[in-house]
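Take a look at the letters that make up each chain.
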Amino acid sequence: MSAETILEVRDLRVRIASRRGLVRAVDGVSFDVPRGGALGLVGESGSGKTMTLRAILGVLPPEAQITSGEIRLDGVDLVQLRGSDVNRLRGPKMAMIFQEPMGALNPVMRVGWQIAEGPQVHLGLSRGRAAERALELMRRVGIPDPERRFRAYPHEFSGGMRQRVMIAIALSCDPEIILCDEPTTALDVTIQDQILRLLTRLCRESGVSLVFVTHDLPVVAQVCRDVAVMYGGQLVERGEVREVLLDPRHPYTLGLVRSAPDFEYVRESLVPIPGSPPSLVSPPSGCRFHPRCAFAEDDCRTSETPLRPLPGVPGGRSTACLHYERTLEAVEADRARP
Amino acid sequence: MNRDEAAGPLLSARDVAVSFPVGSRVAARIRGEEHRLRAVDGVDMEMRRGEALALVGESGSGKSTLAQALAGLQRPDRGEIRFDGRVLPASRSRADRRRIQMVFQDPYSSLNPRLTVGGMLRELLRVHHVVPANRVATFSAELLALVGLAETDLAAYPRQFSGGQRQRVAIARALALRPDVLVADEPVSALDVSVQATILNLLRNLRDDLGLTLLLISHNLAVVRHLCDRVAVMYLGRIVEVAPTEQIFSAPRHPYTRALLAAIPRMTEGAADGSVPAIAGDPPSPLRIPAGCRFRTRCPMAQPRCAAEDPALAEAPGDAGHLAACHFAFVPAVDGETGT
Chain A
6 MSAETILEVR DLRVRIASRR GLVRAVDGVS FDVPRGGALG LVGESGSGKT
56 MTLRAILGVL PPEAQITSGE IRLDGVDLVQ LRGSDVNRLR GPKMAMIFQE
106 PMGALNPVMR VGWQIAEGPQ VHLGLSRGRA AERALELMRR VGIPDPERRF
156 RAYPHEFSGG MRQRVMIAIA LSCDPEIILC DEPTTALDVT IQDQILRLLT
206 RLCRESGVSL VFVTHDLPVV AQVCRDVAVM YGGQLVERGE VREVLLDPRH
256 PYTLGLVRSA PDFEYVRESL VPIPGSPPSL VSPPSGCRFH PRCAFAEDDC
306 RTSETPLRPL PGVPGGRSTA CLHYERTLEA VEADRARP
Chain L
46 MNRDEAAGPL LSARDVAVSF PVGSRVAARI RGEEHRLRAV DGVDMEMRRG
96 EALALVGESG SGKSTLAQAL AGLQRPDRGE IRFDGRVLPA SRSRADRRRI
146 QMVFQDPYSS LNPRLTVGGM LRELLRVHHV VPANRVATFS AELLALVGLA
196 ETDLAAYPRQ FSGGQRQRVA IARALALRPD VLVADEPVSA LDVSVQATIL
246 NLLRNLRDDL GLTLLLISHN LAVVRHLCDR VAVMYLGRIV EVAPTEQIFS
296 APRHPYTRAL LAAIPRMTEG AADGSVPAIA GDPPSPLRIP AGCRFRTRCP
346 MAQPRCAAED PALAEAPGDA GHLAACHFAF VPAVDGETGT
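For the protein sequence lines, the chains are A and L, in the order given.
Residues 6 to 343, numbered by our numbering, are exactly what the first sequence covers, in order.
Residues 46 to 385, numbered by our numbering, are exactly what the second sequence covers, in order.
Hints should not be assumed to be uniformly reliable.
Which residues of chain L face chain A? A partial, calculated answer using Cβ under 8 angstroms [said to hold, decoys possible]:
hint: 1; residue: E103
hint: 2; residue: L133
hint: 3; residue: D237
hint: 4; residue: I309
hint: 5; residue: A323
Examples of chain L residues lying across from chain A (beta carbon under 10 angstroms, computed) [unchecked claim]:
hint: 6; residue: S207
hint: 7; residue: V240
hint: 8; residue: L272
Pulled from the structure, derived: some chain A residues nowhere near chain L, Cβ distances all over 12 angstroms [unchecked claim]:
hint: 9; residue: R87
hint: 10; residue: V126
hint: 11; residue: L327
Quick caveat, the hints were computed from the structure, so don't treat them as lab data.
Where is the CB? At the ideal position from N, CA and C, for every residue including glycine.
Only chain A is shown next, with the shape it has when bound in the complex:
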């Protein structure tokens, strides 16, 4: 692993025990995040994007388990570490921002002290120094009147302000990487705009890397350079955001783009993806997308479809589709239409 890579996930598999059997929530996912880079992980509900994130953080629900794979953070394999050792990394090495800040903040603790807690515990700062640091962070994330707001409780904050508090907490111990799970989904579009801009600016200033999980394609395009598309617990396409979204090479990505109403490009009618997402207890053989795919052929039902680099395309562009030329043709046909 090169010094340029902060996070390296190799063949990660997560199983969840359920009444209907073992759910293969994450099934052989591999990706790298470069130091200072931002990777978007997109997919619909049940695609395994949140489970991937929670596996990296070491906060899987009790019925879920990592069955194989490696998660190397700055060279250290988190899968092999004991829980208490992972706890020590959460804060100074990696931090997280969740969708619903109200559920992630302590409702009976003053906001300032929640921000100061990390520096006290992980960086060994005194109470006074940690409070100073919290105030400075509150200023950096744009919380107005930080001296007064320091003593407020989370319920006194608006949704956008709470998410700013979450960002301040995430930054409080100077982490190498921040993992975000739909951080702006619960916010209004104007507040989302503020938070996305703040997040990208702070990450660029401090060189923090990002993994950004969302279902919203335009949001990914705002924040990330690279995107990986997840379907049925696996990655199906990866590359630079705009290339993947505007020029997809996997029929599922094409389906996502065609079914989402785009603000700038109004289509006569939207094209939904037929069928429904696969069962992850007994997923379809071969390519998991083949039962819903218009381009599926016999080999799609039988061959395994790992992510493969696209021949002749630089920049780590890869697809899991065996017949990606068909998607290319469809994209070109779409474009030829007025």
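Keeping the supplied structure of chain A fixed, place chain L upon it in accordance with the hints.
For chain L alone, coordinates are given in the frame of chain A:
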């Protein structure tokens, strides 16, 4: 109904206001806040038969409350709601309620979990005498076919459906009463992208096939652009701008509409470069609505006049279809005066 009535607006509101009591009177006086939360604060609007109007705005702008008032689910404090030229009384008759039906955001909590789809429809059709008793079964099956479900689904419970299918059931339930107006409050926000498309296409087809008048509440402007003819933008309980969809998106006149449009993440644009956000700050609490223009506290071009005078929703010169509530909306070149 005679011809003359059909030519006027199908549904209109004049100076409609809805407020909710909050907290105690004493606490409100001590804090200098209002005792009532003015969710909708004097709204005028009109819908023509067969059109699709979108109501957009941030959370807390009062769009859902306004929709509920129009549908008769919320009693207005004042103002008047007319349907087909007739003023609707505060407590509506069953026949009046039938005319305007609603579809809600969350298809998981808006369906009765103890009733099958067939049972749900049977009850509705019986109570409202929509069709004779011997036609109930066939009419129910027709309704499901209309929203793309199978006749066999009549025997199923809501829990047996996916989110998208539940939303279809909710739409079938609303259509069962053969309404003139369908009010859809964020009908696709709880659904995955690929499922959203099926529901949006369904709403579009229903409009074309049944001639439904549609009031769509959405925070997603891409959805609005896809589905609606006209857009009304709400801010803190008021409509601040109304115009045909393409016009409002290409030439917005109210500074709030402009900010709202600028905040939309775009697929084709460069990554957010850390530059200034489209609009700063949170919307003020509806308990403390600023005097004068209610947007002035976040407005980049606010003037002393904005604090003193509350701008009315006014027509653009020479264009009765475009209205905005801003002192400077239709003033050409105000740049010289707006230096901050």
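Holds or violated: D237 (chain L) as interface residue toward chain A, Cβ cutoff 8 angstroms? For D237 (chain L), the interface hint holds, since the closest Cβ of chain A sits about 4 angstroms away, which is under 8 angstroms.
Hint validation: V240 (chain L) versus chain A, beta carbon distance must be below 10 angstroms. Holds or violated? Check passed: Cβ of V240 (chain L) comes within 7 angstroms of chain A, closer than 10 angstroms.
Using Cβ atoms and 12 angstroms as the threshold, tell me whether L327 (chain A) really stays out of contact range of chain L. 22 angstroms, holds
Taking the least C-beta to C-beta distance, is L133 (chain L) closer than 8 angstroms to chain A? Check failed: Cβ of L133 (chain L) comes no nearer than 31 angstroms to chain A, outside 8 angstroms.
Going by Cβ atoms only, is I309 (chain L) closer than 8 angstroms to chain A? Holds. Min distance 5 angstroms.
Restraint satisfaction for S207 (chain L) [CB to CB of chain A, less than 10 angstroms]: 6 angstroms, holds
Non-interface claim for R87 (chain A): all C-beta distances to chain L beyond 12 angstroms? 37 angstroms, holds
V126 (chain A): least C-beta distance to chain L exceeds 12 angstroms? 30 angstroms, holds
Is the interface hint for E103 (chain L) satisfied, with its Cβ closer than 8 angstroms to some Cβ of chain A? For E103 (chain L), the interface hint holds, since the closest Cβ of chain A sits about 4 angstroms away, which is under 8 angstroms.
Should the hint that L272 (chain L) touches chain A count as held when the rule is a Cβ pair under 10 angstroms? Result: holds, 8 angstroms to nearest chain A Cβ.
Status of the hint placing A323 (chain L) at chain A (closest C-beta pair under 8 angstroms): Where the cut-off is 8 angstroms and the nearest Cβ of chain A is about 5 angstroms from A323 (chain L), the hint holds.
Consistency note: the structure conflicts with earlier hint 2 alone.
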